[in-house]
Structures are given as C-alpha cells and as structure tokens.
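K.L.:
Here's the letter readout for the chains.
Number of protein chains: 2
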Amino acid sequence: MTFPVVGMVGGGQLARMTHEAGIPLGIRFKLLSDTPQDSAAQVVSDVVIGDYRDLDTLRDFARGCDVITFDHEHVPTEHLRALEADGIPVRPGPDALVHAQDKGVMRARLDAIGVPCPRHRIVSDPADVAAFAAEGLGEGAGGAEGDGFPVVLKTVRGGYDGKGVWVVDNVAQAEEPFRAGVPVLAEEKVDFVRELAANVVRSPHGQAVAYPVVESQQVNGVCDTVIAPAPDLDQGLALKAEEMALSIAKELDVIGHLAVELFQTRDGRILVNELAMRPHNSGHWSMDGAITSQFANHVRAVLDLPLGDPRPRATWTVMVNVLGGDYPDMYSAYLHCMARDPQLKIHMYGKDVKPGRKVGHVNTYGDDLDDVLERARHAAGYLRGTITE
Amino acid sequence: MTFPVVGMVGGGQLARMTHEAGIPLGIRFKLLSDTPQDSAAQVVSDVVIGDYRDLDTLRDFARGCDVITFDHEHVPTEHLRALEADGIPVRPGPDALVHAQDKGVMRARLDAIGVPCPRHRIVSDPADVAAFAAEGLGEGAGGAEGDGFPVVLKTVRGGYDGKGVWVVDNVAQAEEPFRAGVPVLAEEKVDFVRELAANVVRSPHGQAVAYPVVESQQVNGVCDTVIAPAPDLDQGLALKAEEMALSIAKELDVIGHLAVELFQTRDGRILVNELAMRPHNSGHWSMDGAITSQFANHVRAVLDLPLGDPRPRATWTVMVNVLGGDYPDMYSAYLHCMARDPQLKIHMYGKDVKPGRKVGHVNTYGDDLDDVLERARHAAGYLRGTITE
Chain A
198 MTFPVVGMVG GGQLARMTHE AGIPLGIRFK LLSDTPQDSA AQVVSDVVIG DYRDLDTLRD
258 FARGCDVITF DHEHVPTEHL RALEADGIPV RPGPDALVHA QDKGVMRARL DAIGVPCPRH
318 RIVSDPADVA AFAAEGLGEG AGGAEGDGFP VVLKTVRGGY DGKGVWVVDN VAQAEEPFRA
378 GVPVLAEEKV DFVRELAANV VRSPHGQAVA YPVVESQQVN GVCDTVIAPA PDLDQGLALK
438 AEEMALSIAK ELDVIGHLAV ELFQTRDGRI LVNELAMRPH NSGHWSMDGA ITSQFANHVR
498 AVLDLPLGDP RPRATWTVMV NVLGGDYPDM YSAYLHCMAR DPQLKIHMYG KDVKPGRKVG
558 HVNTYGDDLD DVLERARHAA GYLRGTITE
Chain L
198 MTFPVVGMVG GGQLARMTHE AGIPLGIRFK LLSDTPQDSA AQVVSDVVIG DYRDLDTLRD
258 FARGCDVITF DHEHVPTEHL RALEADGIPV RPGPDALVHA QDKGVMRARL DAIGVPCPRH
318 RIVSDPADVA AFAAEGLGEG AGGAEGDGFP VVLKTVRGGY DGKGVWVVDN VAQAEEPFRA
378 GVPVLAEEKV DFVRELAANV VRSPHGQAVA YPVVESQQVN GVCDTVIAPA PDLDQGLALK
438 AEEMALSIAK ELDVIGHLAV ELFQTRDGRI LVNELAMRPH NSGHWSMDGA ITSQFANHVR
498 AVLDLPLGDP RPRATWTVMV NVLGGDYPDM YSAYLHCMAR DPQLKIHMYG KDVKPGRKVG
558 HVNTYGDDLD DVLERARHAA GYLRGTITE
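In the order they appear, the protein sequences are chains A and L.
Numbering-wise (the working numbering), the first sequence opens with residue 198 and increments by one.
Numbering-wise (the working numbering), the second sequence opens with residue 198 and increments by one.
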C-alpha cells in the first residue's frame, strides 16, 4: 500500500479530530506531541514526544512522513523552511503560515491584495496609540468620536482565544501591551453587529471548496457558539465572504484549511478580523453538519487528494464549546446529556477539566433553529455545570 | 476524569471503526491485537500485542479496563467466564456470546423462545444428512422435492463469510463437512427472495434501540451491498423483524450490538439465518447514514451509557464492500473515486490488498436510490479494479 503518512505537529484537540477524520481515509498518522497525555496523543498509535521548537526534533519526526501539517501555528518559520529544504512538503508552507503567525504581516498583505480590514497600524508606544486613535476621528461610519478611543491592541505574534489582545479606553491603559517588548498592532474597535467566519480548504492543485459562512458568537474573547449557516445573512454578503476567503487562500497560497474570521459591520460591510491556517473552532459544526468535515478536507488537501463536498447535511447545525467549570469530573453530566437528547453529538477532547478551558464541544442539527440552539446550549451548559436541571 | 477505558479484544476493522467512534465520546480505548500491523493497531494508542486464546494474556490485558468487548466471537467461553470471575465486566457476556459462537446452541435457543428459523438438525454423518433431507419432503411451501437435497451444512463453530458452510446436492458431497471432526448442523436451503438484517443495540440497563431493517446482498457468500432501509419492505414485516431482533437481544441478554441476519422467504415469512454480537457489516451504512452509528452505540451500550438515536439521516444509504482485486495498490483508484464523487464516503481499513479480502467499504446516501446504488457500486468496483472507467 502506498497510502501516505501525514505528520501532524501538535497534540491538541485539532490533531485529535484530524486523526479521527483520517482513520476512514486509510491515512497513516504520525504525531509530534509535547506529552503523552496530550489530547491527540491519547488516541494516535504513532506518537513522538518532543519539542516542536527544536529543529533536530522536527527533522527526526519528519523522516518517514509524506507531508507535515499542524495543530497550531507556533512552529518557527525558519524551521519550516529547513524542513522544506530537506525535501519534506510542509502544508501550509511557511510563506503562507506567516500570515497566521504574525498579525502585522497579515494586515500588510491583506491591504496589498485589497481585502477590507479594520483600520490598523503598528504602534510603538502609548503616545503612538493615542495618535492612532485620533487618526480615526471624523472618518464617517467607521470612525470614532472624542479622543478616538477605545482602540484594540494586539501583540503581532502569539495571541489566541483573547490572549494577547487588549481593548484600551485611554492612553494609560495602553501601557500593558508594550511590556512584553514585542511589536504591537493597533486596530480600530469595529462597530460590528456580529462575527462571521468563512471557512475554505485549498489543495496544492488549486482546487478549493467553501463551507457555508457561519455566525460565531464569542464570550469573553473565546468562541462560544457557532451557527451554520449564519442566520439571516444576505446572500450577496455570504457570497462576498466566501469569495474573499477563497481569494485570500489563493493569494497567500494557503494549503489546507483556512478560517477567515470576519466582522459584519452595522453599515453592512465585512472586515477581516483574524486568519487561521488549520482546522478551526468555527468549523467544528462540519463534523456532524457537513457532507465532508473540515478535518477530512484538511487531510485531503495537504495530501493533494480531491476535496470532499463541503455542503451542509441539515438546515441548521449549531456547535457550542464545552468549557471546564468548577467540577473536575464531567462523566455524570455527560451521561445525563446523552439521556436527555439521543440526537446530541458530543465531542470530548480527553483533557483535564480546568475552569474556562475548552475540553470539548457539542453539535446539534435540525430544521428548527431555536430547538437546535437550545439543545446545544443546554448540553454545553450542563457539562460545564452552569445549568443543573 | 473518570472517563472509562474500553478493552477491545481483536485488532480487525471492527475494532478500528469502534475506536474511531470512541474518540469523540472521550472514551479511552485499549486494544488486544495479534500483530502491530492489524487494522486497529495502526490507529490506536494503547495496544497490547498478544494471543486472545491465552488466558494469562487476556487477564493482563483486562487489568485497567472498565469493560471488555470484542471485534470477533472467537474468545473461548471459559476465558470469558474467568474474566467475569475476576470482576471484569465482559460485554456481551459468555452466556450471550455462546449463541454467536455455536450455531447448534443458537438454533436450540431460538427454537425454545419461538423465533422462526430454517428447519435444522445436528447431523452425524452423510447418511444422517440424507435422512435430514428426506424429512423435509412434502412439508409444503418450505419443503424440498425429490430426495430433499440441496441441504446446507455448517460447522457449528468457526465459520464466517461463507467459510465453514457447504450447500450439498447429494449424499456424496456431504462427506467434506465431517472431515474436520467437529459437529455439523444441517439446515434446509431456504427459498428466499432476499436477505435482510435487523440490527439492534442493547445496554445492561435494558435500554435498546433498533436500526431500520436493511437489505443485504451477498456475492459468493460474502456481503457485497447493503441498502438502508430495505426497499419495498412491508411495514408490518419490518416491524416484525425489529421486534424479533429486540426480543432475541433481551432473551439472550445481549449487551452491545446484535445483528440478526434474516431470510425473507418467497411466501412472506422471515427466518433467522445467523446472529452476530458485535458491530456488523450490515450496519456499516450507519457510519454516514444514521444519527448514531452502530459503533458509537456499541461503545455506549457496553459502558451502559444512554444510547443514541439510530434513525437514518438520509432517505437511502448504500454500503458496498471494497474487496481486494488483482492490484495491490488502491491509492490511485481511491484518488479517482474521490474526484469522481465528492460526496462519496470511503472507509479504508489499512489492510494489505489480497484478492477477495475485505479491505474497506464505501457509503453513499441521497434521495434517489438508483443514483445512490450506482455511485457506491462504481466506487467499490473501481477500487477493486473490476471497473476501469
């Protein structure tokens, strides 16, 4: 058999679910994981324990892999280039991945290809932030009033799930982000009505598929609920979002899954918030809600296999993240949720419960959005312990 | 976390697919496999290589498992009793499993609980077979004419996929089955219009779910195509088959998945052909065609978790087995099948290709049965190499 070996760097839940999707495809999976307890390491046969920041470890791991892909975006760019120089296909490649690693590079590139973004600029100190804020005054619909605050500040590298992001109301609050000594990007605080995500998958051949645009609801900077497709979304705007994501994937030469997180503004525009070049939380609904899941299509893409149909199987699919609550053991709640709703699709990541930590998600689907939402929210809340009846 | 550990004895594709179904459930999976190359051993983290016929090996393996279940029915009954005596739940238990291991015990028990079976009797030699054949003469619709042949002979233990089964036309042909020196069961050759299968899952609580009755088409004694639900099946007969399977599960105290293979006779009856107490080929359609797959429900049942909804997600789902053909490498055919049909669901087992060996299956679903059948058959034929365009 010449069925290939996919080398996955990173042992988190995205790797776990990618392995799950790779099993029916007959794909051999090799994992580089920090510890044997990591989410994916619990379920994969061929696991190497090691540090992805160490080039020798990466090189040893890559031997025998037909392609390398990622659970996260933290592998140093120079290491990816070294693997490529060794002749190992790295997908997405370093030239694409840098746009998901460095928000400054990402903004500059999206500007260059004409993709609408929030107003933004690399800032050097709190005074520069105040200047950036003032620049936004009087710009019409997108502009701020008064002193131009609030402003969003982000470290250009290393942030996720609300970490490395600050919303500052004045110049005094703008000091904190500079303490780490890394470059800081200032962005206008967008007056959005909701957040959307456009998920696409692209192969080296250039084949690409677009999932329906979803609505993504955040709580405290962390994705809470995803509704597929986004309710009441104007068809023209949906098409524009899909085309924008496909265009970004092509222009940046993304291979694999690309999530484009979007703001839908009060005045009817869509602006790019973030990019992720791997299966993404906003695509977890596809595991039970689409003909081909984002994980299966990511595997197919990095192997340059023909892509699967991304269309939905149900009128509505809802995903709600399960966060850790105060109780370390979810098993009895899990049992209760299964009994309450035999149609519920639970996805647990095998992670120890810590308050606020993503330890799983639930998917529900059906024709009645209110019912589908209630079932998913009830299950997630019950598992977390915030709902007790 | 008190999420339990399921110990799976046997490393074949059923174990592989059960592990796949267990990942989202957050269930820890431990595998006892003959070799590291076995289908399931390729994809499971916690694998013990050993011989299931050795009690010490089984006992060592069972330590740390919350429950033991099976990929096959070949574990000696006395070993299962020993594990139970050690305090390890074995599901299905030995008293149930013996009915799937020994066709003589199965027939006697089904007779006792009034489940309709083909006419049958344990036979001792070819002359006894001739006597059995003659006994069927003049019995009306089910009876044979002339000398009463053909007759079906089966070794009571060890047969599967047509192995250990003979259809004999005369007394001379009846010698072969006795050569192994094991008990032989004679059965009337049923005049059936088609084969059906009723799949149910039952938990220790006594909760049980029934999948829709499917049509199962065999080629050379091996399952080839399954159509869910069985087309043009009288609703009364479908209900009768589901009730029969639920009743067998209850009477035999089956825990986990039970497949009841049935003959639908020309005169409108259903007779039990075989029982299997594990996920079954006739239930593979459920991976893509049901709200909850047979594998997920088997895991839930053996852990005494509430069962998932077994109802279909599509009007029609078709499964066709992929058998090995003359070409050892299916990868290019696999690529072609994905390109031809982006909705195709391929399930490869990671097995070396040998002519006639089950190496995977494909599922298709949709509203138009002809289309769904054509797509599945084309893909399976192309993978095998019997279709080249």
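Honestly, I wouldn't trust all of these hints.
A pair counts as met if it fits within one copy or between any two copies, since identical chains are not told apart.
Claimed, not checked - Only pairs whose alpha carbons sit at most 25 Å apart, straight line, appear in this in silico DMTMM-like list of lysine to aspartate or glutamate:
| no. | residue 1 | residue 2 |
| --- | --- | --- |
| 1 | LYS447 | ASP549 |
| 2 | LYS386 | ASP257 |
| 3 | LYS551 | GLU439 |
| 4 | LYS548 | ASP243 |
| 5 | LYS548 | ASP526 |
| 6 | LYS548 | ASP263 |
| 7 | LYS386 | ASP464 |
| 8 | LYS548 | ASP501 |
| 9 | LYS386 | GLU373 |
| 10 | LYS360 | ASP253 |
| 11 | LYS551 | ASP292 |
| 12 | LYS437 | ASP450 |
| 13 | LYS551 | GLU275 |
Source of the hints: derived by calculation from the structure; they are not laboratory data.
K.L.:
Take the hints in turn and mark each one as holding or not.
P.N.:
So, going through the hints one by one against the coordinates:
{"no.": "1", "hint": "LYS447 - ASP549", "result": "neither (38 Å within a copy, 37 Å between copies)"}
{"no.": "2", "hint": "LYS386 - ASP257", "result": "neither (44 Å within a copy, 60 Å between copies)"}
{"no.": "3", "hint": "LYS551 - GLU439", "result": "neither (36 Å within a copy, 44 Å between copies)"}
{"no.": "4", "hint": "LYS548 - ASP243", "result": "both (19 Å within a copy, 17 Å between copies)"}
{"no.": "5", "hint": "LYS548 - ASP526", "result": "within (11 Å within a copy, 38 Å between copies)"}
{"no.": "6", "hint": "LYS548 - ASP263", "result": "between (29 Å within a copy, 19 Å between copies)"}
{"no.": "7", "hint": "LYS386 - ASP464", "result": "within (14 Å within a copy, 75 Å between copies)"}
{"no.": "8", "hint": "LYS548 - ASP501", "result": "between (32 Å within a copy, 22 Å between copies)"}
{"no.": "9", "hint": "LYS386 - GLU373", "result": "within (18 Å within a copy, 83 Å between copies)"}
{"no.": "10", "hint": "LYS360 - ASP253", "result": "neither (30 Å within a copy, 52 Å between copies)"}
{"no.": "11", "hint": "LYS551 - ASP292", "result": "neither (35 Å within a copy, 43 Å between copies)"}
{"no.": "12", "hint": "LYS437 - ASP450", "result": "within (19 Å within a copy, 58 Å between copies)"}
{"no.": "13", "hint": "LYS551 - GLU275", "result": "neither (34 Å within a copy, 44 Å between copies)"}
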